[in-house]
Amino acid sequence: EAGVAQSPRYKIIEKRQSVAFWCNPISGHATLYWYQQILGQGPKLLIQFQNNGVVDDSQLPKDRFSAERLKGVDSTLKIQPAKLEDSAVYLCASSFGVSEAFFGQGTRLTVV
Amino acid sequence: QKEVEQNSGPLSVPEGAIASLNCTYSDRGSQSFFWYRQYSGKSPELIMFIYSNGDKEDGRFTAQLNKASQYVSLLIRDSQPSDSATYLCASGSGGGADGLTFGKGTHLIIQP
Numbered sequence: 001e002a003g004v005a006q007s008p009r010y011k012i013i014e015k016r017q018s019v020a021f022w023c024n025p026i027s028g029h030a031t032l033y034w035y036q037q038i039l040g041q042g043p044k045l046l047i048q049f050q051n052n053g054v055v056d057d058s059q060l061p062k063d064r065f066s067a068e069r070l071k072g073v074d075s076t077l078k079i080q081p082a083k084l085e086d087s088a089v090y091l092c093a094s095s096f097g098v099s100e101a102f103f104g105q106g107t108r109l110t111v112v
Numbered sequence: 001q002k003e004v005e006q007n008s009g010p011l012s013v014p015e016g017a018i019a020s021l022n023c024t025y026s027d028r029g030s031q032s033f034f035w036y037r038q039y040s041g042k043s044p045e046l047i048m049f050i051y052s053n054g055d056k057e058d059g060r061f062t063a064q065l066n067k068a069s070q071y072v073s074l075l076i077r078d079s080q081p082s083d084s085a086t087y088l089c090a091s092g093s094g095g096g097a098d099g100l101t102f103g104k105g106t107h108l109i110i111q112p
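Just so you know, the protein sequences line up as chains A and B, in that order.
Counting from 1, one number per residue, gives the positions in the first sequence under my numbering.
Counting from 1, one number per residue, gives the positions in the second sequence under my numbering.
No wet-lab data here; the hints were simulated from the structure.
The reader is advised that the hints may include incorrect statements.
What the hints assert, rightly or not - Pair by pair, the computed Cβ-Cβ distance ranges are: (1) A:Val73 / B:Pro10: 15 to 25 Å; (2) B:Pro10 / A:Asn51: 35 to 45 Å; (3) A:Asn52 / B:Ile18: 42 to 52 Å.
Said to hold, decoys possible - Here are some chain B residues the structure puts well away from chain A; computed CB gaps all over 12 Å: (4) Val4; (5) Gly29; (6) Ser43; (7) Ser93; (8) Asp98; (9) Gly105.
Every residue, glycine too, gets a C-beta built ideally from N, C-alpha and C.
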């Protein structure tokens, strides 16, 4: 079974630029999550989708972050404009029903 | 504000000994609790989850939950050098399909 796929693996951008991350969940997983993990911290939930609907985006900085999940499968997370404090690993995870969440390898973002 | 607290460590344990990892959580509405292992530069992987008060054993791992004290622990018996990693404690409000609140993680070092 293929795991959660994310791209790119690494990204370096200048502050005020925009960036987008892509996630392809495990086939059949209805629930998709985006987490932000800053170095030395635990992952922080940014947004949760159930199929193509948003379940929880209470911790998403909506003035600069946006996310969508087209057709209830792939998802993209965008940051515009980026700030230095957005430097982190962005983790995508998916789950089926009430099963455990599986994480992708993450995208390491560095904002300079 | 939901919070999960963990001692960041490092926690150093001799090989073959029992490693004891602890966390506390603030939200009394939390119903599910998870322990993830994260190797440096890798994504979190689920070790165990527990929903009910008491102990749950899986191989060398035992998770313990005390909802009255809002306390979760993970015991690792016969610790191996390969167990050296950061252990993340997380809480959820219901089944595994909910977004999780993570602690900062405890860095565990198993000394050969």
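Hint-by-hint comparison with the structure:
1. A:Val73 / B:Pro10: 15 to 25 Å: Since A:Val73 and B:Pro10 have Cβ atoms about 40 Å apart, the given range 15 to 25 Å is violated.
2. B:Pro10 / A:Asn51: 35 to 45 Å: Given range 35 to 45 Å: holds, Cβ gap about 41 Å.
3. A:Asn52 / B:Ile18: 42 to 52 Å: holds, 46 Å
4. Val4: About 7 Å separates B:Val4 from the closest Cβ of chain A, which leaves it inside 12 Å; violated.
5. Gly29: Consistent with the label, B:Gly29 stays out of reach of chain A, its closest Cβ about 14 Å off (over 12 Å).
6. Ser43: The assertion about B:Ser43 is violated, with a minimum of 4 Å to chain A.
7. Ser93: Given a closest Cβ separation of 10 Å, the condition is violated.
8. Asp98: violated, 8 Å
9. Gly105: violated, 5 Å
The structure shown violates the earlier hints numbered 1, 4, 6, 7, 8, 9.
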